[in-house]
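Colleague: Residues per chain are reported as follows:
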Amino acid sequence: MMSHHEAAELLAVFALDALEPDEHELIEAHLAECPRCRAELDAHRQVAAALGNSVEPLPEGLWSSIASALPPRRDDEPPPMPTLVRDQTGDETSAAPPAATFAAPPARPRAARGRGRLISVASLAVAAAAVAAVLGISLVHDNNQISNLQHSSATSAAAALTTRGHKVVDVESASHVQLAQFVVTPSGQGYLVKSNLPTLSSAQTYQLWGVINGKAISLGLLGHTPNRAAFTFAGSPTPSKLAITVEPAGGSVVPTGSMLATGTV
Amino acid sequence: MKKHMDQIGEVSDAQLVTAVARYSEVALAEVYRRHGGAVYGLARRVLNSTSEAEDVTQEVFLRLWNQPDRFDPGRGTLRSFLLAQSHARAVDAVRSLNARRAREAKDARRTAAAEYDMSHEAWDLALADKVAGALAELPLDERRAIELAYFDGRTYIEVAELLDTPEGTIKSRIRNGMRRMRAALVEAGVQGVDA
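As they're listed, the protein sequences go chains A and Z.
Residue 278 is where the first sequence ends in our numbering, and the numbering goes up by one at each step.
Residue 777 is where the second sequence ends in our numbering, and the numbering goes up by one at each step.
This is chain A alone, in the form it adopts within the complex (with noise of 0.2 Å):
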């Protein structure tokens, strides 16, 4: 294990790809639980890519050969899957000022959206009409995921409930009513236990954020009629707070209202 001072000399280099192989995977093991060398790394890497910025004219045919390589998805397969919460090397710290995104459109129906069908300039600019701040952002995708999960998330939430030194969080309203209720592991799994929400319209969702260092980071959708999911946090740190906010059926990537309800964890 690098201690935080070697660690701290070392990014300057780090950033310019130019450690040994062993060196490398060190820092990258501290970074994982060092927001302040992370912060240091990020600025680096802008004075890095200052020195690289050296524009070219790009290659003809270029473009065409990206596009084809883009791999085909079927009408029927689902976006990414929601993300965890960053990767390893997120920073929830960065000095870098808020960047503007805006809230995902509502999910189309399958058939609109497969490869080839291209999210015309028309909704995005519907989309990036719906701007909102955000600290800091990881997409948000699609609930297929946390679907897939739902089938083998029974029997994970009840070995969650007798996890040594797992949490129970129950996420209420404003008004203190038990909305939810999830269990989180000490190793940065989490499950819906039980669910008192509302069904929505279909083209709503519920979507679960983690609140980390004050940012809300989305941890996925819950759909429209939360039954079970699962989630993870892994490799970043524990949220704390859970909360969940009402969205377009897509998910967006901020909350663009306000939480419905919250649970410390």
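Hints listed in this document are in silico derivations from the structure and should not be mistaken for laboratory results.
Using N, Cα and C, we set each Cβ at its ideal position, and we do this for glycine too.
Any given hint could turn out to be false.
As the list claims (entries may be wrong) - For each label pair, taking beta carbons as the anchor points, the in silico distance ranges come out as: (1) Val278(A) / Pro721(Z): 48 to 58 Å; (2) Glu743(Z) / Thr168(A): 49 to 59 Å; (3) Pro48(A) / Leu745(Z): 29 to 39 Å.
Said to hold, decoys possible - Covered by chain A, per the in silico footprint, the following chain Z stretches (three or more residues, Cβ under 8 Å): (4) 601-614; (5) 624-635; (6) 638-644; (7) 656-667; (8) 729-738; (9) 756-763.
Given the coordinates of chain A, work out where chain Z should sit on it, guided by the hints.
Modeller: Only chain Z this time, still in chain A's reference frame:
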């Protein structure tokens, strides 16, 4: 059509990535239009090969398509994220045996030029002057260590061997040089480099 292009041209990078996450090839194409030249330019510089740089560029954009959530706008710009991806992949390639051989040939050719001078490169408009100014302020040994590591894809140990200098000294030169660069860029008003 022109109207549509105007619209997407006004969308922020973060918004584009969100659209990429929803399978918008239009959005990916716009990211490519904005940043492809920089991604390709850095890869070509490190690899000294147009075909290998094209491979790296393709890999970077396919990765963005498949894993858009790896970009976190809270941690830096999309340009810097893509450049870091491009650099890491180019360095992986340059460290392979074949690329290393090619680099030896490149080094032999470069011997005649002797001088490491980045100021002639096609820098990206406004940033170019500021980076050139920051580089000019660096002591030559720091600048050289950074250039050999970053643009030639060498580890600091390789740089130490090449310059016949202790490894610890090279690490210090890179660290101090990067700090100096950062301070100069902050002073020049470049966003995002201050921790």
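Colleague: Hint by hint, note whether the structure agrees.
Modeller: Tested hints:
1. Val278(A) / Pro721(Z): 48 to 58 Å: 50 Å, holds
2. Glu743(Z) / Thr168(A): 49 to 59 Å: 57 Å, holds
3. Pro48(A) / Leu745(Z): 29 to 39 Å: 35 Å, holds
4. 601-614: Result for this restraint: holds, n = 11.
5. 624-635: holds (count 4)
6. 638-644: Satisfied; 4 residues make the cut.
7. 656-667: The restraint on the region 656-667 of chain Z holds, since 8 of its residues have a Cβ under 8 Å from chain A and three suffice.
8. 729-738: It holds, with 7 qualifying residues against the three required.
9. 756-763: The restraint on the region 756-763 of chain Z holds, since 6 of its residues have a Cβ under 8 Å from chain A and three suffice.
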